[in-house]
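Chemist: Can you make the complete structure from the sequences, with help from the hints?
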Amino acid sequence: MAENNKVSQEEVKHIAELARIELSGEETQKFAREISDILGYVEQLGEVNTDSVEPISQVTGKVNVFREDVAVDASEETKNIMAKNYPDSQDGYIKVKQIM
Amino acid sequence: MEIIDLDIQKAAKGLADKEFSSVELTQSCLEKIKKTDNELKSFITVTDGLALKEAARADERIKSGENNPLLGIPSSIKDVILTKNILTTASSNILKNYIPAESATLMDKLDAKGMVMLGKVNCDAFAHGSSTENSDFFTSHNPWDLDRVPGGSSGGSASSVAGGECFYSIGTDTGGSIRQPASFCGLVGLKPTYGRVSRYGLISMTSSTDCPSIMAKTAGDAAIILEAIAGEDKKDATTSSKPVDKYLEYLQNFNIKGLRIGIPKEYFIEGLNKDIEESVRGAIVKLQGLGAEVVEISLPHTKYAVPTYYIITPSEVSSNLAKFDGIRFGYSSESDSETEVKNLMDVYIKSKGKGFGSEAKRRIMIGTYALSSGYYDAYYLKAQKVRALIKKDFDEVFEKVDIIIAPTAPSVAFKIGEHSDNPLEMYLGDIFLSAVSLAGLPAVSAPCGFVKPEDGEKEMPVGMQIIGKPFDEKTVLAVADIYEKDSGWTKKHPQI
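Just so you know, the protein sequences line up as chains C and F, in that order.
Numbered per the working numbering, the first sequence spans residues 1 to 100.
Numbered per the working numbering, the second sequence spans residues 101 to 596.
Just so you know, the hints here were simulated from the structure itself, not pulled from any lab data.
Just so it is clear, CB atoms sit at the ideal spot from N, CA and C, and this is done for glycine as well.
There is no bait here: all hints are sound.
Within a straight-line C-alpha distance of at most 27 Å, the following computed DSS-like cross-link-like pairs (lysine-lysine) qualify:
| id | chain 1 | residue 1 | chain 2 | residue 2 |
| --- | --- | --- | --- | --- |
| 1 | C | Lys84 | F | Lys442 |
| 2 | C | Lys62 | F | Lys491 |
| 3 | F | Lys153 | C | Lys79 |
| 4 | F | Lys196 | C | Lys97 |
| 5 | F | Lys213 | F | Lys113 |
| 6 | F | Lys454 | C | Lys84 |
| 7 | C | Lys30 | F | Lys515 |
| 8 | F | Lys342 | C | Lys62 |
| 9 | C | Lys95 | F | Lys184 |
| 10 | F | Lys500 | C | Lys62 |
| 11 | C | Lys62 | F | Lys569 |
| 12 | F | Lys442 | C | Lys95 |
| 13 | F | Lys209 | C | Lys79 |
| 14 | C | Lys30 | F | Lys423 |
| 15 | F | Lys454 | C | Lys97 |
| 16 | F | Lys492 | C | Lys62 |
| 17 | C | Lys79 | F | Lys196 |
To give an idea of the interface, some chain C residues facing chain F are shown, with a C-beta separation under 7 Å as derived from the structure:
| id | residue |
| --- | --- |
| 18 | Glu22 |
| 19 | Ile38 |
| 20 | Val42 |
| 21 | Val48 |
| 22 | Thr50 |
| 23 | Ser57 |
| 24 | Asn85 |
| 25 | Asp88 |
| 26 | Ile99 |
Modeler: In structure tokens, the structure reads:
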């Protein structure tokens with residue numbers, strides 16, 4: 001496929017690494033094209049002058065909602081249901097593969 | 101007993117007058133599901149045993165004199181809402197065996213009211229889509245024409261209510277996922293103000309626009325349900341402490357005289373189906389006849405709402421889906437004998453690579469790109485600034501008008517497998533819905549007529565969108581209610 005995309009397949013591979021997701025060669029090609037299309041489409045946001053505009057992340061106007069930082073023990077029932085969802089466990093703890 | 105002819109208020113009266121019991125009502129729904137759901141495909145999980153138990157308990161409460169309109173009324177719940185000890189899949193392969201340890205706050209509130217849950221309903225996987233065709237399991241069907249989609253993402257909510265399988269459904273609306281299926285299925289779909297209903301226990305999609313939302317047969321029913329699920333929640337810091345209104349009472353005493361309706365010129369544009377435009381304009385004329393005033397308005401940043409939404413949504417999606425890494429829950433490549441896993445990194449990348457469907461992957465990739473080092477300012481931050489301007493447009497207009505009316509969707513429900521690839525139509529599908537979501541406003545889609553599509557013989561429902569000021573759900577519901585009583589559209593039901 002001709003690489004006239006805004007985003008190259010190499011960049012897609014880098015993004016997939018950041019997102020910790022394995023993609024097939026076909027998917028890598030597809031996403032190079034799709035991400036490029038979306039970026040081309042959203043370029044029009046550049047037309048909007050936002051020099052003196054403060055970004056908003058949500059619209060309720062609420063800021064800094066605090067609570068006490070205390071740990072609450074979950075019930076045995078809750079723990080048991082959660083443990084059932086663990087892909088791998090031992091003595092009620094999640095077991096993960098060795099890192100090093 | 102035909103469930104399809106009853107709304108919540110009528111059923112509640114029947115229960116109070118001992119015309120039927122909640123167990124009988126529930127049995128009727130379960131029979132209807134048995135009869136029709138192999139065609140409609142609304143339900144992923146039917147919790148019949150539990151429903152009958154809850155119904156028996158509700159009958160006890162009714163007998164002891166308790167009187168609340170949701171007591172003993174059967175409902176369905178979208179499968180992105182956590183239900184303790186009951187399979188909750190988000191219609192995704194990655195969560196196809198997931199059993200939550202807790203229920204969503206809204207479920208706890210409805211349980212306290214004595215709701216009878218019939219089961220969990222289908223949607224696009226992780227609520228990514230507008231037809232249920234992105235469900236990893238199956239596509240739901242529109243009760244008005246089984247060859248067509250019910251809309252989405254809350255499509256199972258719409259097909260189950262419109263098909264007479266239950267009385268109401270709780271879904272979600274992030275960028276139109278309640279309003280569009282309500283329009284496609286001839287129902288009342290209410291997206292409340294962002295922060296009005298707790299998001300605790302939703303499987304998050306776009307945290308800054310996700311709203312638990314209501315699929316109902318009438319505006320009055322939606323008012324009853326909102327009153328039950330709205331309010332501040334310590335477990336969701338974005339919920340508002342504003343008191344919850346007495347919505348149903350407000351509806352009953354509402355006078356539309358002098359109400360100012362804004363008609364945004366940017367929403368009545370090329371590409372909007374002419375018959376739909378006529379239905380919506382007809383409804384506006386009717387409201388005028390009842391005493392409302394009409395004001396032409398402009399929302400100048402409307403055309404930027406879709407590109408803004410296309411950045412913000414995948415960005416937040418990519419962040420929210422990062423937790424499905426095969427460690428704590430969901431599909432894990434580690435326990436998949438067909439996948440070779442050497443180290444922890446392999447668990448992450450292979451669990452996601454194999455577990456997620458193509459739409460989720462697409463959003464993860466676009467979002468990760470937009471948030472990555474060097475691009476954050478150009479995309480996500482820029483979008484959040486334009487979003488501020490979109491919200492400002494609405495703030496200014498709402499100084500001049502009380503509500504805004506616009507179409508909900510540019511066309512009626514499309515045929516399964518024939519989602520338009522026409523960029524203009526796809527853009528229109530999002531433009532009517534996404535600006536409202538970005539601004540966090542309350543909006544209801546209310547039935548306003550029927551249109552026979554060019555590619556079909558059956559008349560399909562059309563919806564209009566009534567958009568309100570922040571936390572003014574009472575007015576949007578009251579306008580929907582007064583129009584519904586005058587027009588009678590909600591009395592029409594599909595033959596199924």
